[in-house]
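Colleague: Following the hints, position chain B with the ligands against chain A.
Number of protein chains: 2
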Amino acid sequence: MSGRIHNEALRSKVMSAPDAAALVRNGWNIGFSGFTGAGYPKDFPEALAGRIDAAHHQGEEFKVNVLTGASTAPELDGALARTGGINFRAPYQSDPEMRSAINKGISYYSDIHLSHMGPQVSQGFLGKMDLAVIEVTAITEDGELIPSSSVGMNRTYLDYADKVILEVNEWQSEELRGMHDIYYPIGALPPNRVPLPILTPSDRIGQLTLKVDPEKIIAIIVTDSPDRNTPFKPLDHDSKAIAGHLLDFLSNEVKQGRMPKNLLPMQSGVGNIANAVLAGLLEGPFENMTSYTEVIQDGMVDLLDSGKMRVASATAFSLSPTAAERLNNNAKDYRDKIILRPQDVSNHPEAIRRMGVIACNGMIEADIYGNVNSTHVMGSRMQNGIGGSGDFTRNGYFSSFVTPSTAKGGAISCIVPMVNHVDHTEHDVSVIITEQGLADLRGLAPRQRAKLIIENCAHPSFKEPLREYVKLAEKVANGLHTPHDLESALSWHIRFLKTGTMVS
Amino acid sequence: MSGRIHNEALRSKVMSAPDAAALVRNGWNIGFSGFTGAGYPKDFPEALAGRIDAAHHQGEEFKVNVLTGASTAPELDGALARTGGINFRAPYQSDPEMRSAINKGISYYSDIHLSHMGPQVSQGFLGKMDLAVIEVTAITEDGELIPSSSVGMNRTYLDYADKVILEVNEWQSEELRGMHDIYYPIGALPPNRVPLPILTPSDRIGQLTLKVDPEKIIAIIVTDSPDRNTPFKPLDHDSKAIAGHLLDFLSNEVKQGRMPKNLLPMQSGVGNIANAVLAGLLEGPFENMTSYTEVIQDGMVDLLDSGKMRVASATAFSLSPTAAERLNNNAKDYRDKIILRPQDVSNHPEAIRRMGVIACNGMIEADIYGNVNSTHVMGSRMQNGIGGSGDFTRNGYFSSFVTPSTAKGGAISCIVPMVNHVDHTEHDVSVIITEQGLADLRGLAPRQRAKLIIENCAHPSFKEPLREYVKLAEKVANGLHTPHDLESALSWHIRFLKTGTMVS
Ligand SMILES: CC(C)(COP(=O)(O)OP(=O)(O)OC[C@H]1O[C@@H](n2cnc3c(N)ncnc32)[C@H](O)[C@@H]1OP(=O)(O)O)[C@@H](O)C(=O)NCCC(=O)NCCS
Ligand SMILES: CC(C)(COP(=O)(O)OP(=O)(O)OC[C@H]1O[C@@H](n2cnc3c(N)ncnc32)[C@H](O)[C@@H]1OP(=O)(O)O)[C@@H](O)C(=O)NCCC(=O)NCCS
Numbered sequence: 050m051s052g053r054i055h056n057e058a059l060r061s062k063v064m065s066a067p068d069a070a071a072l073v074r075n076g077w078n079i080g081f082s083g084f085t086g087a088g089y090p091k092d093f094p095e096a097l098a099g100r101i102d103a104a105h106h107q108g109e110e111f112k113v114n115v116l117t118g119a120s121t122a123p124e125l126d127g128a129l130a131r132t133g134g135i136n137f138r139a140p141y142q143s144d145p146e147m148r149s150a151i152n153k154g155i156s157y158y159s160d161i162h163l164s165h166m167g168p169q170v171s172q173g174f175l176g177k178m179d180l181a182v183i184e185v186t187a188i189t190e191d192g193e194l195i196p197s198s199s200v201g202m203n204r205t206y207l208d209y210a211d212k213v214i215l216e217v218n219e220w221q222s223e224e225l226r227g228m229h230d231i232y233y234p235i236g237a238l239p240p241n242r243v244p245l246p247i248l249t250p251s252d253r254i255g256q257l258t259l260k261v262d263p264e265k266i267i268a269i270i271v272t273d274s275p276d277r278n279t280p281f282k283p284l285d286h287d288s289k290a291i292a293g294h295l296l297d298f299l300s301n302e303v304k305q306g307r308m309p310k311n312l313l314p315m316q317s318g319v320g321n322i323a324n325a326v327l328a329g330l331l332e333g334p335f336e337n338m339t340s341y342t343e344v345i346q347d348g349m350v351d352l353l354d355s356g357k358m359r360v361a362s363a364t365a366f367s368l369s370p371t372a373a374e375r376l377n378n379n380a381k382d383y384r385d386k387i388i389l390r391p392q393d394v395s396n397h398p399e400a401i402r403r404m405g406v407i408a409c410n411g412m413i414e415a416d417i418y419g420n421v422n423s424t425h426v427m428g429s430r431m432q433n434g435i436g437g438s439g440d441f442t443r444n445g446y447f448s449s450f451v452t453p454s455t456a457k458g459g460a461i462s463c464i465v466p467m468v469n470h471v472d473h474t475e476h477d478v479s480v481i482i483t484e485q486g487l488a489d490l491r492g493l494a495p496r497q498r499a500k501l502i503i504e505n506c507a508h509p510s511f512k513e514p515l516r517e518y519v520k521l522a523e524k525v526a527n528g529l530h531t532p533h534d535l536e537s538a539l540s541w542h543i544r545f546l547k548t549g550t551m552v553s
Numbered sequence: 050m051s052g053r054i055h056n057e058a059l060r061s062k063v064m065s066a067p068d069a070a071a072l073v074r075n076g077w078n079i080g081f082s083g084f085t086g087a088g089y090p091k092d093f094p095e096a097l098a099g100r101i102d103a104a105h106h107q108g109e110e111f112k113v114n115v116l117t118g119a120s121t122a123p124e125l126d127g128a129l130a131r132t133g134g135i136n137f138r139a140p141y142q143s144d145p146e147m148r149s150a151i152n153k154g155i156s157y158y159s160d161i162h163l164s165h166m167g168p169q170v171s172q173g174f175l176g177k178m179d180l181a182v183i184e185v186t187a188i189t190e191d192g193e194l195i196p197s198s199s200v201g202m203n204r205t206y207l208d209y210a211d212k213v214i215l216e217v218n219e220w221q222s223e224e225l226r227g228m229h230d231i232y233y234p235i236g237a238l239p240p241n242r243v244p245l246p247i248l249t250p251s252d253r254i255g256q257l258t259l260k261v262d263p264e265k266i267i268a269i270i271v272t273d274s275p276d277r278n279t280p281f282k283p284l285d286h287d288s289k290a291i292a293g294h295l296l297d298f299l300s301n302e303v304k305q306g307r308m309p310k311n312l313l314p315m316q317s318g319v320g321n322i323a324n325a326v327l328a329g330l331l332e333g334p335f336e337n338m339t340s341y342t343e344v345i346q347d348g349m350v351d352l353l354d355s356g357k358m359r360v361a362s363a364t365a366f367s368l369s370p371t372a373a374e375r376l377n378n379n380a381k382d383y384r385d386k387i388i389l390r391p392q393d394v395s396n397h398p399e400a401i402r403r404m405g406v407i408a409c410n411g412m413i414e415a416d417i418y419g420n421v422n423s424t425h426v427m428g429s430r431m432q433n434g435i436g437g438s439g440d441f442t443r444n445g446y447f448s449s450f451v452t453p454s455t456a457k458g459g460a461i462s463c464i465v466p467m468v469n470h471v472d473h474t475e476h477d478v479s480v481i482i483t484e485q486g487l488a489d490l491r492g493l494a495p496r497q498r499a500k501l502i503i504e505n506c507a508h509p510s511f512k513e514p515l516r517e518y519v520k521l522a523e524k525v526a527n528g529l530h531t532p533h534d535l536e537s538a539l540s541w542h543i544r545f546l547k548t549g550t551m552v553s
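Those sequence lines, one after another, are chains A and B. The working numbering numbers the first residue of the first sequence as 50 and each following residue consecutively. The working numbering numbers the first residue of the second sequence as 50 and each following residue consecutively.
Here chain A stands alone, though its shape is the one from the complex (with noise of 0.2 Å):
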């Protein structure tokens, strides 16, 4: 029995995750906390997909509709996934068996973008929610609750989901009280929505701890296991020329009097070019930075201790085990630097707009008039999704995105004559940046736009295939405004389909 559950009364409902899950009828539709590998219940989950593989055998039809903050770990999405009992997720995902399942046409996945997803519920646009399986560090003595390690879209389930289990893990850091802000009238629908009155990245405007009707609890289950983030992948030259790229580039803007000396609040996509961009500022001139962002990833956590960063607000930690590991032993130093707040106020357009924040992502692929790809391979199957990387990139004071100029080892290219799926629309990209160099999009045209891209950001070896298509697009096209030759814009991809290689 957990010293954690601080409420006498509820107490009582404490059962192991099997009992919990018993509970779950076929169909329904589950909010569960989680965001890129944090704060997601741990042993429910597990528990759930063993009770679907039984109806399973039993020839009974199981399905449960799966929706989360963002992405998991294998303990959630990948043991619910590996069952075939997911009918329905959203709205992002990263775990190799989810995806498998998703792309192997088992499960349907709506790429939602995150800061929609709290008006999406609360309108009633995904159904009734059945029950909410949120982890919490603690639930005090009146009954609220203590968010663990990500809030996301926690609030939310809490308040709309018909019945309500609680994963109390006694592995998160008691320390983390004091570092969320939860900010209640987020949730109210139009007509009644109110201005959110942050006006800077450390503007605490909620409370600590989440509400939860007791009534709606019917089981807690107490835990102990930690979280579980794949480990970044250490900086190599591409990262760093990336980041370099980058940083060049924000001198230059506070220079020509575009931006403030301290810069402005810093997002920062996930992946391993987003980390290693932070590491890059690091190393950087800029000091007394602020970050408003979705995660607060290993690279951050470096510039908060460096003095560098003042203050960070996320939804989410997206930590590599050992960071995790320092952070919860430390929780208490970061609680004046570091804000978690529910999604749908880390990426409100209101927030984002208001405070000029500066959008960084990575990428899929880039085509040459500056629409990008976020979240598909070869026209078809999903990688992850579009996160909230819409959220920031749409209303950022400007928009990057950044990858590596070729994938697969050189056998793909990620400047292509047209990507095969649209994530950001030409409207929406600012800043292209490869290991290559920078494209700077702002107030350019399409034809404008391919000619610094090819020259500035595709790697050599595609540079001169790029150059033929435009020419060749110029020739044939049905206008000059975006020039195109339909017959052979997917041809790239296609090409690698049949032979595995862009290269022709």
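Worth double-checking, as some hints may not be accurate.
Which copy? The list can't say, so a pair holds if one copy fits it or any two copies do.
Said to hold, decoys possible - The list that follows gives simulated cross-link-like pairs (lysine to any residue, SDA-like), each with its CA atoms no further than 20 Å apart:
hint	residue 1	residue 2
1	K289	G133
2	K547	S537
3	K524	K547
4	K512	D191
5	K386	H106
Since the hints were derived computationally from the structure, they do not count as laboratory data.
Modeller: For chain B with the ligands alone, kept in the frame of chain A given last:
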């Protein structure tokens, strides 16, 4: 000499349009007033075109950059485009001559979200502004400006341009005074931006006039010319059917408790179909409606006249000649029902998201997975531009797109396997409507959307080919999330370019 210029000192700056045009230099970045055929300068652009033609006849280089609020009219875009002297154009246009210059590669065009235009100019991303040319209704005694039939980018251009030319247009009713709401803090740069204090479309938050530094005024031109907008097409069977589907959908949303009885503020895009939807609302069951939109079309004025709509907030009129005349003659009667704001307020993500605006916009085509193309014809040709459709689509309560199911007499299907350009991604599109029916895409995965869009929205003559595409794609695709056959995904467009029809 105009009695509209109440400031003594400024009267001395009155001159002819050609004299004013003579002050312009090659290469200038010029910000013009004008938004969907309303409030653009009427005489200066033609005089400038004359000056450019003369320079070209002398063999001199003479080009300017033309920035506006949105589209203008033949007297501005047409006159200047015809000279070949527009080097760069942003952010929206719909004039045949301008379109032709863009598609012939004579003019560069950057198709920018209308809500991004203010920030991009203020942030210095579009370069130094040399000149603002702004139509006004009158100049007050203390030198402030009474705006005319559009506000658009005027505040920003007046603030940022080095020099200013005013056109005082006596055709504009003096009783427009009192209709405008100019909110100055919207121009603040981060970290000094503050919440936009609009809670409901009728909120007035600014002042009635535009400010200008009198030192910057280099010329004032007096004109007496009407705004020139093309009349709307009469309602036909298709547009009535589309309006009917949307009305049924809205009624059901109210019935399901997902929307208040008087709906939420409506946004209605440009074009004939959008206007038809407004006509549909006139017949519909909803009372006490409001609108938070970009342009006030004929149908919106009818709704205000009928009493079914209480108030409409926009940045410009977009009226047929008869409706413009009617409004101009009775401007006083509309002053408490219509508010014209700067476009960075009318289209602000913050306001749109907070109020839960219902977005409804026209489109060129949608694909089976819910991506929408608003701008490009067959891959390369620019039609008009994205305008404000992205501002409303991304941030609204939900977003809908309307189009007849076919174009060019049935030769083109407006539902295709893959759109030839993406302006609104699958993440942003809630509802697609043609005369055939409505597809409610909320909470659906791509394969589910495809079924609905094909069965509910495609024209009967294209249904079977679309079903066949899906069958083929599911067989050959490298993943079943968004099954595509990249070899034939764009084949319908290619066929049209080769044979003049998408029918095989
Ligand atoms: C785009 C994204 C996948 C890149 O992540 P990353 O860790 O920097 O990228 P990697 O280089 O490790 O690439 C991931 C995979 O995509 C593959 N890939 C990269 N570019 C590719 C391309 N152009 N075509 C095909 N595959 C490509 C890589 O080979 C790798 O494949 P593997 O897993 O089989 O090894 C990641 O940033 C993402 O999911 N973005 C979308 C969500 C987002 O931006 N969130 C931020 C919100 S705040
Ligand atoms: C998309 C848009 C052009 C439709 O406008 P509309 O007046 O309803 O449309 P029309 O049916 O008259 O079509 C306009 C032209 O496109 C052509 N067209 C329509 N669908 C087409 C398709 N799928 N493929 C090729 N051409 C197509 C029409 O034939 C017509 O051509 P024409 O001018 O040569 O006769 C218009 O809504 C627009 O510009 N939208 C983008 C901006 C926007 O949404 N603004 C709102 C902001 S609040």
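Colleague: Look at each hint and say if it fits the structure.
Modeller: These are the hints, each one checked on the structure:
1. In this assembly of identical chains, the alpha carbons of K289 and G133 never lie at most 20 Å apart, being 40 Å within a copy and 45 Å across copies at closest.
2. Proximity of K547 and S537 under a CA criterion of 20 Å is satisfied in both settings, with 15 Å inside one chain copy and 15 Å between copies.
3. When the C-alpha separation of K524 and K547 is checked against a cutoff of 20 Å, the pair qualifies only between copies, where the shortest distance is 15 Å, while the shortest distance within a copy is 27 Å.
4. For the identical chains of this complex, K512 and D191 are neighbours neither inside a copy (64 Å) nor across copies (59 Å), given an alpha-carbon limit of 20 Å.
5. Proximity of K386 and H106 under a CA criterion of 20 Å is satisfied in neither setting, with 50 Å inside one chain copy and 65 Å between copies.
Hint check: violations occur at hints 1, 4 and 5; the rest are consistent with the structure.
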